[in-house]
Amino acid sequence: MTKSNGSRRVVVTGQGVVTPLGTGVEKFWCAMKAGQCGIREVQSFPTEDLYITIAGEVPDFEPRERLQSKALLLADKYSQYAGCAAHEAVLQSGMEMPLKGDPAYRSACIIGSGVGGLTTLEFSYKMLFKENKRATHPLTLLKSIGSSASAHCSIEYGITGPVFGVVSACSTATHSIGLVYRMIKEGLVDRGLAGAAEASLNWGATRAWQAMRVLSPDGLRPFSKNRNGTVLAEGAGILMLEEYEEAKARGANILAEIKGFGMTADAADMVNPSIDGASTAMQMALDDAKLSPSDIDYINAHGTATAVNDINETRAIKRVFGNAANNLSISSTKSMHGHCLGAGGGIEAVAVIKALEENFVPPTLGLDEPDEECDLDYTPKVGRERDVNYAMSNSFAFGGLNAVLVFGPAPA
Amino acid sequence: LEFGWTRKNAGRESDMDDVAEKIIEILRKNMKDPSKPVALETPLSDLEIESLDLAVIVFDIEDTFGIEIPYNANEEVEAFATVGSVVDRVKSIIATTKASGAAA
Numbered sequence: 007m008t009k010s011n012g013s014r015r016v017v018v019t020g021q022g023v024v025t026p027l028g029t030g031v032e033k034f035w036c037a038m039k040a041g042q043c044g045i046r047e048v049q050s051f052p053t054e055d056l057y058i059t060i061a062g063e064v065p066d067f068e069p070r071e072r073l074q075s076k077a078l079l080l081a082d083k084y085s086q087y088a089g090c091a092a093h094e095a096v097l098q099s100g101m102e103m104p105l106k107g108d109p110a111y112r113s114a115c116i117i118g119s120g121v122g123g124l125t126t127l128e129f130s131y132k133m134l135f136k137e138n139k140r141a142t143h144p145l146t147l148l149k150s151i152g153s154s155a156s157a158h159c160s161i162e163y164g165i166t167g168p169v170f171g172v173v174s175a176c177s178t179a180t181h182s183i184g185l186v187y188r189m190i191k192e193g194l195v196d197r198g199l200a201g202a203a204e205a206s207l208n209w210g211a212t213r214a215w216q217a218m219r220v221l222s223p224d225g226l227r228p229f230s231k232n233r234n235g236t237v238l239a240e241g242a243g244i245l246m247l248e249e250y251e252e253a254k255a256r257g258a259n260i261l262a263e264i265k266g267f268g269m270t271a272d273a274a275d276m277v278n279p280s281i282d283g284a285s286t287a288m289q290m291a292l293d294d295a296k297l298s299p300s301d302i303d304y305i306n307a308h309g310t311a312t313a314v315n316d317i318n319e320t321r322a323i324k325r326v327f328g329n330a331a332n333n334l335s336i337s338s339t340k341s342m343h344g345h346c347l348g349a350g351g352g353i354e355a356v357a358v359i360k361a362l363e364e365n366f367v368p369p370t371l372g373l374d375e376p377d378e379e380c381d382l383d384y385t386p387k388v389g390r391e392r393d394v395n396y397a398m399s400n401s402f403a404f405g406g407l408n409a410v411l412v413f414g415p416a417p418a
Numbered sequence: 039l040e041f042g043w044t045r046k047n048a049g050r051e052s053d054m055d056d057v058a059e060k061i062i063e064i065l066r067k068n069m070k071d072p073s074k075p076v077a078l079e080t081p082l083s084d085l086e087i088e089s090l091d092l093a094v095i096v097f098d099i100e101d102t103f104g105i106e107i108p109y110n111a112n113e114e115v116e117a118f119a120t121v122g123s124v125v126d127r128v129k130s131i132i133a134t135t136k137a138s139g140a141a142a
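The listed protein sequences correspond, in order, to chains B and D. Per our numbering, the very first residue in the first sequence carries number 7; after that it's consecutive. Per our numbering, the very first residue in the second sequence carries number 39; after that it's consecutive.
Hints were generated in silico from the structure; no laboratory data involved. Being a predicted model, the structure only gives us computed values, none of them experimental. Any given hint might turn out to be false.
What follows is a set of in silico ranges between Cβ atoms, one per label pair, in the way DEER data are often shown [as the list claims (entries may be wrong)]:
id	chain 1	residue 1	chain 2	residue 2	range
1	B	52	D	105	16 to 26 Å
2	B	217	D	114	18 to 28 Å
3	D	136	B	375	36 to 46 Å
4	B	69	D	137	40 to 50 Å
5	B	141	D	102	36 to 46 Å
6	D	129	B	330	49 to 59 Å
7	B	51	D	104	20 to 30 Å
8	B	214	D	134	19 to 29 Å
Within a straight-line C-alpha distance of at most 20 Å, the following computed EDC-like cross-link-like pairs (lysine to aspartate or glutamate) qualify [stated by the list, open to error]:
id	chain 1	residue 1	chain 2	residue 2
9	D	67	D	91
10	B	231	D	126
11	D	136	B	55
12	B	33	B	68
From the three backbone atoms N, C-alpha and C, an ideal C-beta is built for every residue, glycine too.
Whenever a hint applies, use it, and build me the whole structure from the sequences.
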């Protein structure tokens, strides 16, 4: 079952999302192909005393329709999103669940979150400090911890191998996917759920983000001269990863192969990203994939639409890709689904896999004013058909935490 | 200690009003080297104040004066070019806040 290190390949056999463009991969992808935007006026909490009043809220999540177990129905929304996305990925993989015996121990479930059950905490503190309640709900702690999404999913599917959450702000999902990829590649496990979930849209968190002065009051316009910040969003993006020979042996439908993963840290500044950190992570992912820059057709950029990210990311891409940068299709799908924070890289991995599958590059909405410092092809406003054989997904988080994945077609 | 320094080296600062003094005090708290001279015409860039520092400074000013200052770190804001322009901006916001408070 376990081949020697280095020869094991890792494929994606299932994917699931919960996003501001809708729940489920088909709905999500169709909306992106059509260039729809999931950023709207906030519905779920009062905004009259805020100056940021827009966000990417999931519009169609009905827990009772989406979740199977009572445990998940009682969980924080971030775990519910994870449970829903994991369920879609598991169903698509066709894997027999729950797992039992040795295969269960040789399975991972790494589902992270930027902040876990923050909304549960906000509600509980409000009850204690403002409403003077004598106690909090008994599930407050279990709902809020950052490992509850991974624990819930392990229980749903009987996964008894490595199960934990990863925390790296906006790189969380990409780090999670990269870790499970490495675990499978190196023979620690044979399969695993990987990704992240985030549901931290609430009044207190918006206040905190507002105070950092990095949010846009009117829209997320990546790489555009008139960009003025990012827009918070929520959701989940989860992949089922498997060792290739085993997936093939059980006749699984293989969606894509994970070719490479790179991770670095800037070790420099909490908010100002470095070209070195970002470009080295991209180069590491290419080296791991044994691909050259000209092999990459599409980059799903981190593209947060902050002044500093978009310039730094453009410069980092140019450093790694050289002349090949001019032949790349790039887009920031955050322009459509918003900045889903920890979940972003998982949702964007699904965008990349669909781009490979359908040879279609989703657009960057809101790019109406070219910026001389951001001068690559960001697929402005309208997506386009193009052969996509290999694609890269970038995640660059606060603190300078960088994670990059390279995806390719299902092995022939 | 910082406070003592401000008094001793006041020089130009002695001409300053209460708003300016409070703002300079806030700026000094966020400077790597608070002993550097700060005058109204000093550009904030000379004080090694970066975007995140500016967010902290704006928060502190808002808290001190009970006002709200529109500021987006993604945009170049003329009102944050020099110490004097911050002082002017804060004064005008205080005036507007008072006026609207009186009207209400």
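Hints versus structure:
For residue 52 of chain B and residue 105 of chain D, the hinted distance range of 16 to 26 Å is satisfied, since their beta carbons lie about 22 Å from each other. At about 20 Å, the CB distance of residue 217 of chain B to residue 114 of chain D agrees with the hint of 18 to 28 Å. Look at residue 136 of chain D against residue 375 of chain B: about 38 Å separates their beta carbons, and that is inside 36 to 46 Å. For residue 69 of chain B and residue 137 of chain D, the Cβ-Cβ distance of about 49 Å falls inside the hinted range of 40 to 50 Å, so the restraint holds.
As the Cβ distance of residue 141 of chain B to residue 102 of chain D is approximately 37 Å, the hint placing it in 36 to 46 Å holds. Distance hint check: the CB atoms of residue 129 of chain D and residue 330 of chain B are about 53 Å apart, consistent with the given range 49 to 59 Å. For residue 51 of chain B paired with residue 104 of chain D, a C-beta distance near 24 Å keeps the hint of 20 to 30 Å intact. The beta-carbon spacing between residue 214 of chain B and residue 134 of chain D, approximately 26 Å, falls within the hinted interval of 19 to 29 Å.
Pair hint residue 67 of chain D plus residue 91 of chain D holds up; C-alpha atoms about 10 Å apart against a cutoff of 20 Å. For the given pair, residue 231 of chain B sits about 28 Å from residue 126 of chain D by alpha-carbon distance, which is inconsistent with the 20 Å threshold. Distance restraint check for residue 136 of chain D and residue 55 of chain B: the Cα-Cα separation of roughly 18 Å lies within the 20 Å cut-off, and the hinted pair is therefore satisfied. Distance check on the hinted pair: residue 33 of chain B and residue 68 of chain B sit about 15 Å apart at the alpha-carbon level, within 20 Å; holds.
Hint compliance for this structure: hint 10 is the single one not met.
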